[in-house]
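Taken in order, these protein sequences are the chains called A and B. Just so we're aligned: the first sequence equals residues 1 to 482 in my numbering. Just so we're aligned: the second sequence equals residues 1001 to 1261 in my numbering.
Certain hints may be false.
If the Cβ cut is set under 10 Å, some of the chain B residues that face chain A in the computed set are [what the hints assert, rightly or not]:
1. Asp-1015
2. Gly-1016
3. Leu-1153
4. Gly-1160
5. Asp-1180
6. Met-1209
No more than 30 Å apart at the CA atoms, straight line, and that leaves these computed lysine-lysine pairs for DSSO-like [stated by the list, open to error]:
7. Lys-20/A to Lys-140/A
8. Lys-411/A to Lys-1143/B
9. Lys-99/A to Lys-1204/B
10. Lys-99/A to Lys-1143/B
Estimated spans, in silico, between C-beta atoms of each pair [stated by the list, open to error]:
11. Ala-75/A to Ala-1061/B: 57 to 63 Å
12. Glu-63/A to Thr-1129/B: 55 to 61 Å
13. Thr-79/A to Ala-1191/B: 39 to 45 Å
14. Ala-278/A to Val-1091/B: 52 to 58 Å
15. Ala-1156/B to Asp-207/A: 54 to 60 Å
These are calculated hints, taken from the structure and not from any lab test. Glycine included, each C-beta is placed from N, C-alpha and C at the ideal position.
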Amino acid sequence: MTGPARVDVEGWGWRYAGRKLPATREVDLVIEPGERVLLLGASGAGKSTLLAGLAGLLGGSDEGETTGRILVDGAPPETQRGRIGLVLQDPEAGIVLSKVGDDIAFGCENLGVPAAQIPARVAEAVASVGLAVPLDRPTKALSGGQKQRLALAGVLAMRPGLLLLDEPTANLDPEGVAEVRVAVEGVVAREGTTLVLIEHRTAVWADLMTRVVVLAPGGGVLADGPPERVFAEYGEALAAAGVWVPGRPVDLPVLAPVSAPDAVLRASALSIGREKGAVVASGLDVSLPRAAGTVITGPNGAGKSTLALTLAGLLPELAGEVVAAEELAARGVRRPVRWRSTELLTRIGTVFQEPEHQFLAATLRDELAVGPRALRMAPAEVDRIVDELLERLDLASLALANPFTLSGGQKRRLSVATVLAASPEVIVLDEPTFGQDRRGWMELVALLQREIARGRTVVAVTHDADVVHHLGQHRIRMGDAA
Amino acid sequence: MSAATTERSRTAWLDGVNPVTKVAMVIVLAAPLLVSIDAVSAATALLLELLCVPLTGLTFAAVLTRLVPVIVFAPVAAVSMLLYARPGGTVYGTFLFATVSDDSIALSLAVLVRVVALALPIILIFARTDPTELADALAQVAKLPSRFVLGVLAGARTVGLFVDDWRTMSLARRARGLGDRGALRRFFSMAFVLLVFAVRRGTKLATAMEARGFGSDIERTWARPSTLSGRDAVALAAALALIAVALGAAVVSGAFRVVGT
């Protein structure tokens, strides 16, 4: 069967094995061939579960319990491999093989496409996503946007009638977002493929979609209709549920710009890199104004994260020196990279891009206590700090949960809280808003604004124009990679 | 050659040999050297293998660079033989359990040459072999289960991600005030987190592969057909001949010795 696929969802629900409540239930939905559906809903409403169900990837009865049914072209999706293509949020997650051409061919091989036809299919898929790289290019050498287009090409080579995209641009820089959007638009325009897409940042996709479906948190469908009508009628509820509704700006102050006369950290003629001999940027003159927000922007590969980690005293400078203000000196040393780990703790805190990289303990309580204990504070003092942070960041009900089991937004807040526990003068964050929905985003930015108001210096590496708008009192723009 | 999915420059004669044949060649070249233990057979094999370098597409400099770890390690094995092998012939000195004698000197030389002679064919034969091509050959020519071969191949690709994870976690521990003490404990806690990442990444990878039809009942095709040709027969015969000459030289010179005699 070829051409766009039809989808019937009839009273469908799914409960993961070991969970009390179903991830989603009572969903009724008919998607006609060629429709382009934007799937929305609060975090936990079961959007991704529904998408995995449509892809036939939820597994058998040992993985969970299903009610109702899903049909793609009148048959269960598990029997329709190749008719259904899925692209996920994490650009690393969709790549199987180490070379571009081999990876795209992988799906065709599995579907038993005769070997003689595969090169033509690969060439067609590459052209349709505009991925102009040699087929023997290593997949690890691609940028995030290229990786997502590769994932899309791997799916298109199977000639699917139904395309499922789960936040395909949430982890990309603005260039990557634009690349993927153009590629998807080209495909649906040419092939008329049925499209179902999940995305909090609706502005990127809204004009491409013919229909918006909003899942209700308790199960079922909350709203269903053309984008303009759904956004007009349910705008407020959607915004409260974390969706970036077009035309609804965030309600946070914009901090006044500073001209940086009083620097907490300063560096001139700085060369940076992850290891010796691998300079990613050089000749940088940087100063971070005290008690203000600084944003570091620039294209992929420009060395933004490397600069942040160097300023944070985690990576040694390859040339030049990062020098802290007089009053931050430890044992008379003013270079952060020369400080001891415990000295760094109270001076510069770092929030890593992936919160899980910095988690150390089995419960939130212990996680927050790591820093204070390393500083050898009295148990009563540790408890006071931990309790205050749990309360302030709305994590108190999860105090005994394992950090790894939290939602994306909760993990992000916890990773910031672990840093605040040691009260550092400077807080460095790497892409703090990646993958955050509108609600998580607002909580985070509001929190950082409060820290600035308390006299802290905040430095954020970001691709997010809204972060630049709300925290960018001082802006550092990194150039293109040399 | 293979389908248009791969456009690699192929110049060396050995590049046209199927990876499965290469595995067989390594076994042919290495196995006799594992059971014999004289300097002549190993040295002859080593010399003949070096004469084959131009066929492999590697430069002598590249071969030498890859041999460095072996050359550094080989004397360690040789020195232990020199000191602790069963004494025989003239004894030159004794200290506690260590005895240096004619026999132990001969054995230590033999071991030194042998370690290099064992490592060299592996380097020569596999230095330019692409893992994907090896997997294709193992599945199509050696008929190993494709699910297993492709699973391992896809999993191996993620190793680089774990290296990055490890680096970032080390930085994060310093940032969180735990970088000054307890290196051993830190190592184990990071290893545990890495295990969590590995399980999670494996699950994601399996999902991605399944979404692209992997593991379905359909008979799989191969975009890069892996086949045997006359060249494979020639390559295997050459390996057999090489090792026969090496062992023959040892027998003729009277130096031939099998392990344990």
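Results for each hint:
Because the closest C-beta pair between Asp-1015/B and chain A is about 14 Å apart, greater than 10 Å, the hint is violated. Taking 10 Å as the C-beta cut-off, the interface hint given for Gly-1016/B is violated, the closest approach to chain A being about 18 Å. For the restraint placing Leu-1153/B at the interface with chain A, the shortest Cβ-Cβ distance is roughly 7 Å, inside the 10 Å limit, so the hint holds. Restraint check, Gly-1160/B versus chain A: the minimum CB separation of about 6 Å is within 10 Å; hint holds.
Taken as an interface hint, Asp-1180/B checks out: its beta carbon lies about 4 Å from the nearest beta carbon of chain A, inside 10 Å. Taking 10 Å as the C-beta cut-off, the interface hint given for Met-1209/B holds, the closest approach to chain A being about 6 Å. Taken as a hint, the Lys-20/A and Lys-140/A pair is broken in the structure, with Cα atoms around 40 Å apart against an allowance of 30 Å. Between Lys-411/A and Lys-1143/B the alpha-carbon distance is near 46 Å, which puts this suggested pair outside the 30 Å criterion.
For the hint pairing Lys-99/A with Lys-1204/B, the CA-to-CA distance comes to about 19 Å; that is within 30 Å, so the pair holds. With a C-alpha separation of about 23 Å, the suggested pair Lys-99/A and Lys-1143/B falls inside the 30 Å cut-off, and the hint holds. Distance hint for Ala-75/A and Ala-1061/B: a CB-CB separation of about 60 Å, consistent with the stated range 57 to 63 Å. As the Cβ distance of Glu-63/A to Thr-1129/B is approximately 38 Å, the hint placing it in 55 to 61 Å is violated.
Between Thr-79/A and Ala-1191/B the C-beta distance comes to about 41 Å, which sits within the given range of 39 to 45 Å. Here the CB-CB span from Ala-278/A to Val-1091/B is close to 54 Å, well matched to the stated 52 to 58 Å. Distance hint check: the CB atoms of Ala-1156/B and Asp-207/A are about 42 Å apart, inconsistent with the given range 54 to 60 Å.
Of the numbered hints stated above, those contradicted by the structure are hints 1, 2, 7, 8, 12 and 15, listed in ascending order.
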